[in-house]
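Engineer: Start from the sequences and build out the full structure, keeping to the hints where you can.
If you read the sequences in order, they're chains A and B. Be aware that the first sequence starts at 1, since it is given in our numbering, and climbs by one per residue. Be aware that the second sequence starts at 1, since it is given in our numbering, and climbs by one per residue.
Be aware that a few hints might be false.
As the list claims (entries may be wrong) - To give an idea of the chain B side of the interface with chain A (calculated C-beta under 10 Å), a few residues: (1) 13; (2) 14; (3) 28; (4) 38; (5) 46; (6) 50; (7) 61.
To be verified - Partial selection, computed: residues in chain B whose CB lies under 10 Å from chain A: (8) 29; (9) 36; (10) 117.
Claimed, not checked - Here are the computed lysine to any residue pairs in the SDA-like style, where the Cα-Cα straight-line distance is at most 25 Å: (11) 148(B) <-> 128(A); (12) 38(B) <-> 388(A); (13) 146(A) <-> 51(B); (14) 148(B) <-> 312(A); (15) 38(B) <-> 94(A); (16) 146(A) <-> 38(B); (17) 157(A) <-> 318(A); (18) 59(B) <-> 307(A).
In short, the hints are calculated from the structure, not lab data. Idealized CB from N, CA, C, for every residue including glycine.
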Amino acid sequence: MIKTPCSNHWDIFCTVVDNYGDIGVTWRLAKQLAHEYQIPVNLWVDDLNSFSHILPSLDPLLASQSFNGVNILHWRTPLVIEFVAGEVLIEAFACELPATVKNQLLHLQQLDPKLVPIWLNLEYLSAEDWVEGCHGLPSLQADRLKKFFYFPGFTAKTGGLICEQNLFTERDAWQADPSNKLQLFNTLGLTGIESQDTVVSIFSYETEALSALCELWQQSEQKIHALIPKGRSLNSLIHLLPCDIDNLVAGQQINHGNLTLHILPMTDQQGFDRLLWSCDVNIVRGEDSFLRAQWAAKPFIWHIYPQEDDYHLVKLEAFIQLYCDNLPPEIAQTWTKLNLAFNQGLQSAVKTHWQNLNPVDLPLLQHAKQWPIDAINAADLATRLVQFVKKS
Amino acid sequence: MKTAHEIRPGNVIMLDGSPWVVQKTETTRSGRNAAIVKLKLKNLLLNSGTETTFKGEDKLEDIVLDRLDCTYSYFADPMFVFMDAEYNQYDVEAENLGDAAAYIVDGMEETCQVTFYDGKAISVEMPTTIVREVIYTEPSARGDTSGKVMKPATITGGGTVSVADFVKVGDKIEIDTRTGEFKKRV
Numbered sequence: 001m002i003k004t005p006c007s008n009h010w011d012i013f014c015t016v017v018d019n020y021g022d023i024g025v026t027w028r029l030a031k032q033l034a035h036e037y038q039i040p041v042n043l044w045v046d047d048l049n050s051f052s053h054i055l056p057s058l059d060p061l062l063a064s065q066s067f068n069g070v071n072i073l074h075w076r077t078p079l080v081i082e083f084v085a086g087e088v089l090i091e092a093f094a095c096e097l098p099a100t101v102k103n104q105l106l107h108l109q110q111l112d113p114k115l116v117p118i119w120l121n122l123e124y125l126s127a128e129d130w131v132e133g134c135h136g137l138p139s140l141q142a143d144r145l146k147k148f149f150y151f152p153g154f155t156a157k158t159g160g161l162i163c164e165q166n167l168f169t170e171r172d173a174w175q176a177d178p179s180n181k182l183q184l185f186n187t188l189g190l191t192g193i194e195s196q197d198t199v200v201s202i203f204s205y206e207t208e209a210l211s212a213l214c215e216l217w218q219q220s221e222q223k224i225h226a227l228i229p230k231g232r233s234l235n236s237l238i239h240l241l242p243c244d245i246d247n248l249v250a251g252q253q254i255n256h257g258n259l260t261l262h263i264l265p266m267t268d269q270q271g272f273d274r275l276l277w278s279c280d281v282n283i284v285r286g287e288d289s290f291l292r293a294q295w296a297a298k299p300f301i302w303h304i305y306p307q308e309d310d311y312h313l314v315k316l317e318a319f320i321q322l323y324c325d326n327l328p329p330e331i332a333q334t335w336t337k338l339n340l341a342f343n344q345g346l347q348s349a350v351k352t353h354w355q356n357l358n359p360v361d362l363p364l365l366q367h368a369k370q371w372p373i374d375a376i377n378a379a380d381l382a383t384r385l386v387q388f389v390k391k392s
Numbered sequence: 001m002k003t004a005h006e007i008r009p010g011n012v013i014m015l016d017g018s019p020w021v022v023q024k025t026e027t028t029r030s031g032r033n034a035a036i037v038k039l040k041l042k043n044l045l046l047n048s049g050t051e052t053t054f055k056g057e058d059k060l061e062d063i064v065l066d067r068l069d070c071t072y073s074y075f076a077d078p079m080f081v082f083m084d085a086e087y088n089q090y091d092v093e094a095e096n097l098g099d100a101a102a103y104i105v106d107g108m109e110e111t112c113q114v115t116f117y118d119g120k121a122i123s124v125e126m127p128t129t130i131v132r133e134v135i136y137t138e139p140s141a142r143g144d145t146s147g148k149v150m151k152p153a154t155i156t157g158g159g160t161v162s163v164a165d166f167v168k169v170g171d172k173i174e175i176d177t178r179t180g181e182f183k184k185r186v
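Structural biologist: This is the structure in structure tokens:
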């Protein structure tokens with residue numbers, strides 16, 4: 001049995017549900033807490049194989065290893081590493097804590113309630129109004145334990161958004177030198193991209209809308225490069241591929257008219273950020289890439305995680321309302337329609353709205369640059385989280 | 001035990017070693033279809049209130065208390081007065097009714113359940129569905145008949161319900177009192 005190192009540490013528990021989303025968010029948060037606040041963090045993850053795709057130096061066979069000041073622990077049942085409670089315990093995205101962990105909390109509660117770590121449920125990001133009313137509320141448990149619901153969000157009354165302190169400075173420096181993007185594309189094995197070409201990154205779920213956009217781009221007057229990793233987006237483009245998805249290799253190019261599809265290699269999170277900074281438009285999904293696309297200060301389409309009864313459209317519209325607040329009305333209307341059409345898989349509409357919008361036009365680009373400053377709303381999530389813990 | 005999702009205004013639950021009456025419930029959806037339930041509670045021992053949040057599937061210990069079928073009699077601010085079949089009257093604080101207060105109207109015939117704790121009437125549970133008349137709503141904006149487009153409507157008693165676009169003033173509608181949702185036009 002290996003013991004966790006100290007008692008003032010924070011524990012974050014994460015179950016991998018959708019490959020890179022949940023782990024993407026928790027890994028960024030853990031790194032930021034360790035780097036910017038010098039907090040020792042244990043990140044417990046149930047699927048190290050998926051994790052290793054965004055942290056290539058991670059060894060999925062090791063039960064404990066350390067990167068970027070974060071202690072990464074393999075969460076298995078029963079735990080192979082003894083859990084020792086620290087200062088804060090975070091269950092990410094309402095994952096169910098192991099019974100041994102809950103039992104230890106109960107034991108500490110009986111010994112002395114002051115020994116019980118501050119227990120938080122880190123929830124999903126939403127722009128809906130109700131988030132303000134639920135953020136930070138306690139969840140009283142029958143066993144007298146108490147946990148808090150922590151909701152990320154876009155307003156001052158929510159838990160904020162994950163954003164590293166130096167991110168915008170690094171991004172601006174990167175984008176100020178056009179040679180950076182071409183160098184990045186070369187490093188990723190993406191050849192044939194000229195500085196005047198339009199480059200679109202695609203990290204979506206399956207949708208007919210993507211197929212329609214590719215059809216449109218084939219007939220575009222200028223060259224369009226679509227950068228796509230192996231994964232769910234390609235399921236919608238099978239008719240454009242020369243072979244099975246499994247047989248595609250990173251760096252492979254597939255030409256159709258003026259459209260070139262490039263198969264992207266997997267990158268770590270810093271590499272993914274730089275990719276988003278380097279593209280003209282980003283099509284992203286879920287939560288982590290959705291937020292990073294906003295920080296990229298480039299136009300984007302958000303493919304939101306589909307929910308029962310089309311409830312995801314309510315969440316999408318809540319975000320659209322915030323994002324479009326300072327956009328010129330005509331552009332706001334078209335950008336809204338483009339996002340709705342993409343999420344509803346409306347092939348004809350998505351083509352029309354893409355053409356009407358011209359996502360690389362200046363007003364949308366200017367808005368994309370201002371939005372991150374407005375959205376961060378004085379303090380990022382890690383800063384607000386640390387303050388919340390101090391007050392609790 | 002009930003899940004947080006099943007808890008309704010008027011229920012009494014045991015938390016933190018104390019009995020709490022549920023005054024209001026609000027269910028929302030987080031990511032990946034998970035339900036979040038926000039409860040407004042009143043501590044029956046301390047008479048203090050709080051708000052708390054649960055995952056929809058969290059298990060809560062609901063206390064089985066004495067209940068009586070009653071009908072609404074009259075309002076004597078700040079108490080709603082209910083009467084049982086033997087004409088005994090019970091006063092319930094208006095704030096303990098939570099959202100249910102919006103459905104209480106003079107002359108209503110539905111049978112409610114009054115809950116007692118330590119001999120005192122502490123809450124009222126409405127029938128699962130009730131029928132109320134729409135006294136104000138805007139005319140249909142888009143002529144939608146699908147029932148998917150919604151608009152606000154004021155019902156008898158002054159409460160507001162989100163109704164299908166085709167609903168008109170004077171229509172009688174069925175409402176689910178657990179969620180406050182419009183079910184159908186009757």
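Engineer: Run the structure past the numbered hints and jot down the numbers of the failing ones, going up.
Structural biologist: 5 and 10
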